[in-house]
Amino acid sequence: MNTHPSETVADRTSVASPDTAQGRVAEGRRPQRLTLARIGVYAFLIVSALFFLLPVWVMILTSLKPMEEIRQGTLLALPAAPSLDAWGQAWSGACTGLNCDGIQVGFWNSIRILVPSLVLSVLAGAINGYALSFWRPRGAELMFGILLAGAFIPYQLFIYPLVRMFSVVGLYNSLTGIVIVHVIFGLPVMTLLFRNYYASLPVELFNAARVDGGGFWTILFRIILPMSAPILIVACILQVTGIWNDFLFGLTFAGRENLPMTVQLNNIVNSTQGERLYNVDMAATLLTALVPLVVYFVSGRWFVRGIAAGAVKG
Amino acid sequence: MQADAAALSARRRGRLRREIPGALALAPTALVVLVVFLGCMLWTVRLSFTSSQLLPRFDFVGFEQFERLLGMGRFIVSAQNLVIFGVLFIAGCLVLGYLLAVFIDQKVRAEGAFRSIFLFPHAMSFVVTGLAWQWLLNPELGLQRLVRSWGWESFTFDWLVDRDMAIYTIVIAAIWQAAGLVMVILLAGLRGVDADLWKAAKIDGIPTWRVYGWIVTPLLKPMIVTAVVLLAISVVKLFDLVVAMTHGGPGIATEVPAKFVMDHLFERNNIGLATACAVMMLITVLAVLAPWLYARTRGGQRT
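As you go down the protein sequences, you meet chains A and B in turn.
Just so we're aligned, residue 90 is where the first sequence starts under the working numbering, counting upward by one.
Just so we're aligned, residue 31 is where the second sequence starts under the working numbering, counting upward by one.
No lab work stands behind these hints: they were computed from the structure.
Be a bit skeptical, because a hint or two may be false.
To give an idea of the interface, some chain B residues facing chain A are shown, with a C-beta separation under 7 Å as derived from the structure [said to hold, decoys possible]:
(1) GLU49
(2) PHE67
(3) MET71
(4) VAL113
(5) GLY116
(6) VAL117
(7) ALA121
(8) SER155
(9) LEU161
(10) MET311
(11) ILE313
Quick caveat, the model's predicted, so the values are computed rather than measured.
Just so you know, even glycine gets a beta-carbon here, dropped at the ideal spot from N, CA and C.
Isolated chain A (complex conformation) (with noise of 0.2 Å):
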């Protein structure tokens, strides 16, 4: 993995002075003290590194060792013999209440949740940047401004009234409300990230597809979209982490047969009857963990790329 994370950000800002990296980092004219400074430097850095690291390393090493080494208290200890049991235990028998079929099922309905909130999110996102970039009718400004104004306003604004409509129409507690919920959300920083990529594209393009007679739906699936590859990699990077690392709207709306993971999960760990099982408790945390993490790893600069389009110009 050698992406570097925050690149394009780095290079968007810094495109008029090429060598800034050459002509920055003072070499004194004495060196001996320069040395020391760079010593300084990494021993920063490094240290930084470890307190970043150390949770995650700690779960690791506990999530492979048996409870009676656990209880001896060795936080940082390798463990003796290591093991994926507790791994195995978390996935598929760890215990919410009465039900014991694991994390499993936790991730599984993340994954229900997730694809169709994906999906649908993204492609909102993109119709309406489309059509706010190009076909601009009278009033979308202002109804695009109020849009990103709601993803200022903290969620506990709208819960109440939500649950009550979606139980008039008969979504509360089902896949469908909380599919709609996530696209709902979504809508603000999506039609944002699309409406500020395709204001970059040429309008001529625009102009001459439609002088040939493309209509709305044949110029964003046959132009617009064929072109919108990076945008869309961002979005659906945003909209994965995102929608998998929600836990208030799975909590509320999801229903007790859909409960996402990060809830079924807070759900295993924090309301455990008698001895807790950390080590099956930390396997399963960082099982929940993973599809963040691995997105974030295979993804590098883009993630970061996601994070200050999405953040920056909010």
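Since the structure of chain A is provided, determine the placement of chain B on it from the hints.
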């Protein structure tokens, strides 16, 4: 004249033809904006002025719910926690994130690896973050036990179960999760600083740390402001992390407003009080956003 009118109506027709498909495509989103982002919000605000408990009522009791709210220990603790958490979390993320960005910007080896390590917690959910730190900080088997096993028998680090200190463990976990984001934002800013500025400072013999302190940091102001606004919004939304890590405990020591709303909506069946607290959250967000939006509209062009 007639030709003009014909041209005008033709243009209008052209414009309509161009607008209608776009308007149709945006109609569902417009409906969501009206019903959810505006409608639900106003509904919640309206409910905060009623005496609703288990079921919504549409009477009007003025600011009664808000008065009750301000008289409740649980809410006061929640609000105080939000302030303590907010100040320390934002300050901590800024300091750590800025230091990480500056140190990474010193042409270090393995820069990509360092950046990946500092940012990866941001990919993880707050639930995972909370559970990881809950395990690490539990006094019986966590860090405290580890240090004691090294021979420092009296070492005490039991903040997680200490009423007065528990909120600070939430701060630590949250900084761990979000400092990388600040690093990314500020690193982009640092890379945008003009190379000539560094050359000039070098010629003048100004020490690097002074250049950072007096010249570069002011240049990064827009990025810092963006980071602060983003962090501040996430402070108001703080919920999952608390639920997973302490569930508001010990006692009510780590309660926060977002959790207050959820508890009173779904467990304590007090809609009036819950919505009043939600409105307080809205006011907090507006108070954070107002100066920022004001500065942006005065100084900027973008909508």
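Cross-check of the supplied hints:
Because the beta carbon of GLU49 (chain B) sits about 4 Å from the nearest beta carbon in chain A, less than 7 Å, this interface hint is met. At about 4 Å, the closest approach between the beta carbon of PHE67 (chain B) and any beta carbon in chain A falls short of 7 Å, and the interface hint on this residue holds. Interface hint status for MET71 (chain B): upheld, as the beta-carbon distance to the closest one in chain A is roughly 5 Å, under 7 Å. Hint status for VAL113 (chain B): violated, given a least beta-carbon distance of 16 Å to chain A, over 7 Å.
The interface hint given for GLY116 (chain B) is broken, as the beta carbon of that residue sits about 13 Å from the closest beta carbon of chain A, more than 7 Å. Of the supplied interface hints, the one on VAL117 (chain B) is violated, with its beta-carbon coming no nearer than about 19 Å to a beta-carbon of chain A, more than 7 Å. For ALA121 (chain B), the shortest C-beta to C-beta distance to chain A is roughly 17 Å, which exceeds 7 Å, and the interface hint is violated. Because the smallest distance between the Cβ of SER155 (chain B) and any Cβ of chain A comes to about 3 Å, under 7 Å, the interface hint for this residue holds.
Checking LEU161 (chain B) against chain A: minimum C-beta separation of about 5 Å stays under 7 Å; hint holds. At its closest, the beta carbon of MET311 (chain B) sits 5 Å from a beta carbon of chain A; the interface hint therefore holds under the 7 Å criterion. For ILE313 (chain B), the shortest C-beta to C-beta distance to chain A is roughly 11 Å, which exceeds 7 Å, and the interface hint is violated.
Violation of the numbered hints given earlier is confined to hints 4, 5, 6, 7 and 11; the remaining hints are satisfied by the structure.
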